[in-house]
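In case you want the letters, here they are:
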Amino acid sequence: MTQHIYWLSNQTPFTLYFENSQSSADATSALPGVDVMTGGADGNYCNVPDCSAQPYFYANHMNAYAVDADNNVIFSFSFWANDANNETLQYSYDGVYFNVQNLPTYNGDVTAGFGIVITYDSDAAVAAIAAYAGQTPESKSALPFAFGEQDFYPNISSAVWEQQIMAAEAGGQATAAFFTEQNQLYQFVQYVNGAGQAAWISSTDADGNPCMIAILEGGTQEDTISMVVTGDAVPGMFDTSQAAAVETPPTDPRIQAIIAAAYQNRPSPNRHRYSRLTGDQGAGGFTWAGGNYNTVASITTTLVYNDTPAWYLTVPLGLASTVGTYVLRGVIWSALLGPILRGLVVGLEYLFQGLVGLLPAGSAAQVLAAITARACLATTQNGALAGVTFSITGGLAVAGVVVLIALPIILGLVMHESSQTLRFYNLTLYDIQWTLANIVYGVLSSGPASSVGSPFVLSVIPAGQYITMGQTQTLVYREADFSWASNSQIHGIQYILALTITDPANNGALVANAAIAFNIPWSGENSLAATFSPPSDITDLYNSTQQGLSEAATQALANGQTLTLTVTYDYLDGEHPLPSGQPAYTYNSLVVLSTA
Amino acid sequence: MTQHIYWFSNQTPYTVYFDNSQSAPDATSAQPFQAVMTGGANGDYCNVPDCSGQQYFYQYHMTLFGVDVENDNTVVFAVMFWANDYQSEVLQYSLNGAYFNVKDVTLGGTINDGDPFGMVLSYDSDSGPDITAVPGAAPPQGAGAG
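In order, the protein sequences belong to chains Z and B. With this note's numbering applied, the first sequence covers 1 to 596. With this note's numbering applied, the second sequence covers 1001 to 1146.
To be clear, the hints were calculated from the coordinates, so they are not data collected in a lab. Be a bit skeptical, because a hint or two may be false.
One side of the interface only, derived from the structure: several residues of chain B facing chain Z at Cβ under 8 Å [claimed, not checked]:
no., residue
1, Gly-1039
2, Val-1067
3, Asn-1073
4, Asn-1096
Chain B side only, calculated, beta carbon under 8 Å to chain Z, not exhaustive [to be verified]:
no., residue
5, Tyr-1058
6, Thr-1074
7, Val-1075
8, Leu-1095
9, Pro-1140
None of the values given here were measured: they were computed from a predicted structure. Don't be surprised by glycine CBs; every beta carbon is placed ideally from N, CA and C.
Isolated chain B (complex conformation) (with noise of 0.2 Å):
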């Protein structure tokens, strides 16, 4: 099975753009504290990546990362997540760039192989980004939708 991501919700202040190193076609972008559709080039969802391990990062993970346009377009931060196909599609993420310190995502509801669901985004100028997955084929009333 794969993971299926339809939308995020940027809860930071930065431009934060979504990258999958898998299809270039799936890439958006949210203004501060607007969320949006992941439909990718079909229009209904993103498949998550698979990975297992280091030797599989690169190109097998998603990217969501903030911009500060008000700083010459500085990388804030960038949370790199993917579905872990050895441990029963669990969702992971690492921060920089790099699969270390990898960690579950928090996850916003119980959401089984395949259900629709979407990642909300914040950040803590002290702790850093963090990210919540929530079950859903849309962001809920208060997520930035809209």
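With the rest of the complex left out, here is chain Z (with noise of 0.2 Å):
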């Protein structure tokens, strides 16, 4: 057998040149950005060259190489089919056989004929080659994107959060009201469950660039939710310069409003119906299933609340390395952006259906995971840019939406005597690792799973970080999400958190230690507390507890700031509403850790 190589896609800045040590009527070039044939002397295709070893190589190879205008050779690729291994295309550069790789394949099997695909990214000044099964260089439209990895712990806005979570630190209504708001998910996502794609709407913000909308309208405007799922692209990737065809914006007033919201606090958006991507390499990049991705946008889902944007989750979008992000260069954004979108909102959907079919089987965290790689394999898809075909795999992008919107769902589903959920703040520079240091009564029914596929928890908050939005880089805090229940018809839950609190900025050393406490007892009041100083029995914590809706400690740091450790319940005793509405002993808590 042998392997045939139909044609060549040079989509590099420079002329390429194609030749056959085996063949020199093989010989082709092609300019930069354009697709020839490797017809050779007949005109069908050129046989590549077998070559099992080094003593075989000079002889038995085809190069590639790429020429810039002041006829320098900027690199090469040497690629022959090995045929002491079942023909496996195999590359080298700069014509010597070292550091023998696979070539990597794209678009199914190669035997039946390929082309090959060289990319450059001139930032790096590093090229990349790759094959494309099938016989004409459409083929190559089968562009491999994935999303990048999210954890289970949500992102939420610095810019949109810290004050209402410091607000709700207060305790009783503060903190009554804030869950509340949240809680409503549980209807949300009974509405996109009921509807299923007339939930979402195909819409497109003020500029004309494609989003993805669901809204669930209350009783008045101002009882309103909605999922706002949108896209940026990375820094260096647009070219506004270069107009693309123009789409009308939404005129309904109520749908303008939500697109703005989840615009809103945002940095400057790098997205614009008018423009063409340049295919630049943007900055940064990710490994998922072994391959690596240069991230080309960012997508992002938001929640609002009426018209307040009050969670969102940023997951990279990335093209595999292999192929390079030049193969985009002229394509135009919106066309890039609508297929993705729809994509990811059929993750989403099997998330929600996952989420109340399966949440009574299994631990809570075994649910989530299993529910989780569901949506993204939902995710994987296939789209079309302007007769450009693509693929998305997975990733964990909706990892972080599974945890949000569990959280009320699950507790509506306990059926205990009691209940607690808890939303953990880290709003610090910080990393917390936290353990279970003691518990009397209840159990942990849900917490930050550690991943797809893994019914293990979490056990460090990551500290806050800047990522990118746009063209800018916005500061971001970690939330964790937990919840409890009582295990028994004659006790409620009470427990002890101790915490850990390192800088990942100076090599994790210690900043400080803590513990917090809650004790939710079957009859009379409920007590809580928090410490920079746990006992060495950390059970002497329970007799610190206080009958309070809030309480707080303070640390002096070395760098002259304050570390502030709050705690808070929303009520004290009594029934409450589930997110359901159906009432029960549910109690909602924060936890804060944040500097000043």
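Two chains, each in its own frame: build the complex with the hints.
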């Protein structure tokens, strides 16, 4: 068997020359950005030379090399078929048999014919080569995208949330109002599940960029919850000098207001319907399923309460580095973004359905992992942009969404005498490691899972971090969500979390030790405690709990700042409505670590 | 006649490998800033392949290529050279595995056809690799022969 090469796609800014050490008649060349057929002497295809080791290399390989305007050879790839290894396509650099690697292949089986796509990252001065199955250059159009990984800690915007969390630290009604708003997610999930595809509106923002929206209208306009999925290209990917087709923005003022809210407090947008992509290498990248991806855009899911952006999750969208971002040159931004957003929405639909259908079985963490995996698989899809098709593999693009929307639903399914929702906000640049130091009554019914498929609960709430949104960096804090339930008819919930606070910017140096305690008795008022001086016998902290709606502890830091640890309840006793409306002995608590 | 190469001196910070597309036993390598003899199979010298055009290139050239062993064995550069049998065996070279932008090798002295010589290989991060043919059957003092 012999491998047959049919075409060559030059996705570089250089002239590309193609040669066969076995047959000089096969030689051809391609100008920058041009595809050529490699028909050889008889106009059909070229046989790829067989080579299984260094002694055979020089007389048995093909060569593709790039030449700039000054006639400098910028790079060259040698490739061949390894006849001692099932005709596997292999390659090396610079005309030598060294550091030999298998050629990345896309679009299926290459044995029926393939082409070569060569790309170049001018910022990093790195070239890449890949084989695409198919006998015409159109075969290369299955561009492999992937969503970046997102752990189970939702991102929260520092600009949007910090003040609201600080206000809710007062406890009592302030905490209750905070949770009431968030628990509306229960109704939102029910609505999307009932409406299915009809729940999602394909729309555009004021500039005509694609976005997907689901809106649950309450009794009044002030009782609306929406989810908006949008995207931003990374810096360097846009060519605003090139006009593209104009799309009509939505005329419905309600949708306009919701979309505007989704963009509120976000940095200068790097999106514009008129723009085409430059194809230049953007900053950063990520690894997914063993492959490296160059980040080309960020996809953001925003939850909007009334007209306030309450929470968002941003994940990177990458193109396989073996393809190179140059291939996106000239692509219209909206043509790329639209199909990607529709794919992500399909994943969200599976996620919502999974939440309701799967939660009663298994541990909460296992269920979360299972439905996230399902949603990620659903996200895998094919899209199209101007005659070019592409595929997206999952990543954990929706993991954070799972945690956020699961909590009120888990609460709704709790059949125990009493329960507690605990949202832990880390409003610092420090890592927080938590351990369940002691538990007298109750069980931890859900917590942040470590990854898809893993039932293990994460133990470190990450420090705040700056992420790229559009053109700029924005500070994002991390949220860890837990739910606790009583496990008997005659006891409540009583436990202590020990906290170790460390500085990741200082090699993980210890910043402080702390502990928090909650006691929700079967009878009587709730109590709580927070301290930066945990007793040597941690159970002694129960003796320090206070019957109150809020407690705070402070610790002076060496850098002059003060660390504050606050714990709250919404109520001290009695029955209160679950997110479903059913009355229960359910309580909501905040834990907030902040610096000032 | 045929040009005979007796040694090469690696004046680069990379490990340099020496290959002959005509004779696999000629292969050898030199650590950074070291020189080695290129005696080939019989220990005396290697015949430099003749090449007078692109169609002969792949099977008729020698290669000196630098490898960054501390960076995933990345091939940093490759210099291909040969003797042009249509031009009085003048030594010529090109870069990065292609017969393109072919240049004559700089001579560090008179090298008549068949005279013993060696190649001194240097590297500049801005301008790339460079080779000079130096007459003699052994590396001169200071050429890293050691």
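For each hint, the structure was consulted:
no. : hint     : in the structure
1   : Gly-1039 : 19 Å, violated
2   : Val-1067 : 6 Å, holds
3   : Asn-1073 : 5 Å, holds
4   : Asn-1096 : 4 Å, holds
5   : Tyr-1058 : 3 Å, holds
6   : Thr-1074 : 7 Å, holds
7   : Val-1075 : 5 Å, holds
8   : Leu-1095 : 5 Å, holds
9   : Pro-1140 : 27 Å, violated
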